[in-house]
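Novice: One letter stands for each residue in the lines below.
There are 2 protein chains.
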Amino acid sequence: MYIPKCFAETRADLLAEFIRRHSFGTLITNDRSGGLCATHLPFLFREAGTDGRTSLISHMAQQNDQWKSLRPETEVLAIFQGPHAYVSPRFYVSKLAVPTWNYTAVHVYGRPRIIDDATQVRQILGDLVTAYEGTGESAWRLSDLPEDFIEKMSRSIVAFAIDVTRMEGKFKLNQNRSEEDQVSVAQALEQSADEDSRGIAELMRKAR
Amino acid sequence: MYIPKCFAETRADLLAEFIRRHSFGTLITNDRSGGLCATHLPFLFREAGTDGRTSLISHMAQQNDQWKSLRPETEVLAIFQGPHAYVSPRFYVSKLAVPTWNYTAVHVYGRPRIIDDATQVRQILGDLVTAYEGTGESAWRLSDLPEDFIEKMSRSIVAFAIDVTRMEGKFKLNQNRSEEDQVSVAQALEQSADEDSRGIAELMRKAR
Chain A
1 MYIPKCFAET
11 RADLLAEFIR
21 RHSFGTLITN
31 DRSGGLCATH
41 LPFLFREAGT
51 DGRTSLISHM
61 AQQNDQWKSL
71 RPETEVLAIF
81 QGPHAYVSPR
91 FYVSKLAVPT
101 WNYTAVHVYG
111 RPRIIDDATQ
121 VRQILGDLVT
131 AYEGTGESAW
141 RLSDLPEDFI
151 EKMSRSIVAF
161 AIDVTRMEGK
171 FKLNQNRSEE
181 DQVSVAQALE
191 QSADEDSRGI
201 AELMRKAR
Chain B
1 MYIPKCFAET
11 RADLLAEFIR
21 RHSFGTLITN
31 DRSGGLCATH
41 LPFLFREAGT
51 DGRTSLISHM
61 AQQNDQWKSL
71 RPETEVLAIF
81 QGPHAYVSPR
91 FYVSKLAVPT
101 WNYTAVHVYG
111 RPRIIDDATQ
121 VRQILGDLVT
131 AYEGTGESAW
141 RLSDLPEDFI
151 EKMSRSIVAF
161 AIDVTRMEGK
171 FKLNQNRSEE
181 DQVSVAQALE
191 QSADEDSRGI
201 AELMRKAR
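Chains A and B, in that order, give the protein sequences. The working numbering numbers the first residue of the first sequence as 1 and each following residue consecutively. The working numbering numbers the first residue of the second sequence as 1 and each following residue consecutively.
Bear in mind the hints are in silico, worked out from the structure with no lab data behind them. Predicted, not measured: the structure shown is a model, and the values here were computed from it. Even glycine gets a Cβ: it sits at the ideal position worked out from N, Cα and C. Not one of these hints is a red herring.
DSS-like mimics (lysine-lysine), calculated; alpha carbons at most 30 Å apart, straight line: (1) Lys206(B) to Lys5(B); (2) Lys206(A) to Lys5(A); (3) Lys206(B) to Lys170(B); (4) Lys68(B) to Lys5(A); (5) Lys68(A) to Lys170(B); (6) Lys170(A) to Lys95(A); (7) Lys170(A) to Lys68(B); (8) Lys95(A) to Lys152(B); (9) Lys170(B) to Lys152(A).
A few chain B residues that don't get close to chain A, going by computed Cβ distances all over 10 Å: (10) Val93; (11) Ile114; (12) Ser184.
Here chain A stands alone, though its shape is the one from the complex (with noise of 0.2 Å):
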C-alpha cells in the first residue's frame, strides 16, 4: 500500500488492537492462473507464541473454492478497515485544499497454511465464538449444540491460519495538514449523521 511517512501507523500493538476491532476482514488470493478472487471473513489475530509465528486465524466454507490456493508458497493479503469519511474542502480553514478522503487500514501479507487437526479445528471454532460473543452468562457456548452436529458443521468447513509476513498499517487523518485544518476537519465530521465519519473525527483526535 502506498502510505506517505505521516499516515504510517507502524506500532504493532495499534496494528494488532485495529485488526481485532475491526475483524470482518477481506481475504485476498490468487487463483493458478493468476486471476484475483475475495473472501470476506471473520479472523483471529494471535500475536507470537511459543512457535514464534504472529497468525491470522480463519475459515471458510469447503464448498468455496478459494482454499484451494492457500498454499505456504504464495503470500495472500487480508484487508481490515476500520472508519473512513468523505473529507469536503470547506472543511478546512486553508483555501487552498482538494477534496479528500480520510481512512484507516491495515493489510496484512502472509503465507497461508490449511489447518485439518480436528482437535486444532474445534479450539479455532470455540476461540472465534468467545471472541464475538465473550464470557458472560448469557454468552451463546459452542457447547450449547449436539456434539453430532458440531462435527457434522466441522467438516463442511477448511480452518486456515496466515502466518504473518508484514503488515501495513494506514491511518491518513489528515496529519499532513495544519493544526487548525485537522482541528476544523474533526469539528465537521464530528457532527456528521454518519457513524464512519464520527469514527474518523475520534480517530483524528486521539492522533493529534
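Following the hints, position chain B against chain A.
Specialist: Okay, now just chain B, sitting in the frame of chain A:
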C-alpha cells in the same frame, strides 16, 4: 467470490445503486512479480454509454506505484462493501444454528486503462466533486480553486478507468433460514448500537 444462489444479487440496477452508495472501494492488483497490492479509493460508476462500456472511474496519487500495474491486458478487482454484522445463534428462533456473518459486497472485475488526456482528467475531477458535494448552493466547486493550482494538482495524480468485464453481488442476509429466523435476526440487529448492524436489519427487511 463464492456465492450460494440464495445470496446472489444479479440485478444490474441494484448493483449500480450499491456501488454508488458505497463508493469508497478497494482496488486490488497484481504487480509484475505477482505480488498483491490494494489501494482504498472513491469510485464513480458509469453505466454503458454510447461507447458501450460500463466503467469504474477513479484516480490515485502519482507517487502510488500501483498505477504502473494498470494495464488493459491484466484484469483487476474493485471491491465495494456495504454494512455487515455478526449474527449470534442467540438471534435465531431455531436451536440448531452456528454463528455467522451477514454482509453485502459487490466485486467488480475489469480491464484498466490510464486516462492522460487533460480535458478528460478535468472532467473526472469535476464529476467526482459533483458526486460527493452535490450541486446545492453551499456545495464546494472545483472552480473555487485558482486555475494554476488545479493544473498543478492534476499533474500529481493518475486518472484511470476500469472497463467492467463482470460483476459479482453477494447479499448474505440469512436467506437460507426460515422466515421466522430471518424476522428474529432482523429484530435483534435493529436494536444494536452499531450502525452497520442496523443497516443489515434494514436490508433483511427489504430482501424479504
